[in-house]
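In case you want the letters, here they are:
There are 2 protein chains.
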Amino acid sequence: MKRDEILIQEIVKGLETAWNAGDSAAFCASFAADMDFIDVLGNHHQGCPVVERGHRRIFDTFYKGSKQQYAVEKIRFIRPEVAVAFLKARLISYLGVSIDEPNRDAHAGDAEREDWARPTLILEKKNDRWQVVAFQNTRVAEMRA
Amino acid sequence: MKRDEILIQEIVKGLETAWNAGDSAAFCASFAADMDFIDVLGNHHQGCPVVERGHRRIFDTFYKGSKQQYAVEKIRFIRPEVAVAFLKARLISYLGVSIDEPNRDAHAGDAEREDWARPTLILEKKNDRWQVVAFQNTRVAEMRA
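Protein chains in written order, with numbering that gives the first Met the number 0: chain A, 0 to 144; chain B, 0 to 144.
For reference, chain A alone in the conformation it holds in the complex:
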C-alpha cells in the first residue's frame, strides 16, 4: 500500500476509535475547520464547531454506547493530494436510548440494532497532513424479501 493510503487508513481508524469512545472532539480531529458534513438523514452541516456539537449530542443520546466499524472499500486519488475514500460502516446501537433521555444508560437490557452505511470522505493533503474537507453518509437500505 502506498504511504498516502496508509495515512488515510489511519484517519479512518481514528474516526472509528473516536466514535467508539464517544469522543466528539477526537472524531473531528482530522476535519478541516470549514468542512462540509452531510449526515445519514440528509442534513448538511458546515464547519467543525457545528459538526462536533452534533456528534456530541448523538454520542450522549441515541448513539450512546454504540460501536462503529469502518472498512475502506476504495480510495480514489483525483490528485496526488486530493483523494476520495469510500467506506462501508457497520453500526451497532441500542434501541431504547432516545434523544430525550441523555442520562439513561445504554446496554441496560436494550436490544441491539445493526445498521449499515456508506460514508464517503473527501480528503486534502496540506503540509504533509491529510484532512477531511467533506463527509457524506448514506444509509444502506435494508433488503426487501
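Treat the hints with care, as some may be off.
Where chains are identical, the list cannot tell them apart; a pair therefore holds if satisfied intra-copy or between any two copies.
As the list claims (entries may be wrong) - Distance condition first, Cα-Cα at most 25 Å in a straight line; then the derived SDA-like pairs of lysine to any residue:
no. : residue 1 : residue 2
1   : K66       : V139
2   : K73       : V49
3   : K1        : V81
4   : K1        : G46
5   : K1        : D33
6   : K1        : H43
7   : K73       : R138
8   : K73       : G53
9   : K1        : V139
10  : K87       : G64
11  : K63       : L6
12  : K66       : M0
13  : K12       : I77
Since the hints were made in silico from the structure, they are not lab data.
Following the hints, position chain B against chain A.
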C-alpha cells in the same frame, strides 16, 4: 459567478433535463468512464455502463414519468480544477409504478410522492471540460412530529 461555476451549473441542469426525459445515456453524459456512484439506497456502482443501465432500469420502472429538480446549494473548489457541488433535489414520482411493471403507464391516476435528497458531485476539469468523477446521494429524512 465565475465561469467554472457556470459550467458546473450547466452540468447539473443537464442531469435534471436528462432525468426528466428519462434518458439514461444523457444522464451519464458528464460522467467519467470509471466514475463512482453511490445511490440513495447506499449501493456503490462503478463505471458508466453500470450506472447507465441502473438509471435506464429506474427510468423505465418505478421512476417512470418522475420529475427531478436540482438546486446547487454550494460549490467547493478543492483545486481550480477539482470541485464538489452540493445539490438539493426534489423528486416527484408516482406511487403504484413498480419495478415489476415496466410497461405500466405512470400518471394513470397514481398518487404523487415527493422526496427530497442531497446529491453531491465530485467534479474534475480535464481538457477544459468538467466531468463528474463521483456522485453520492442521501435521502433527506422526513421530519418527525
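Checklist entry - Can you give the numbers of the hints that this structure goes against, from lowest to highest? => result 9, 11 and 12
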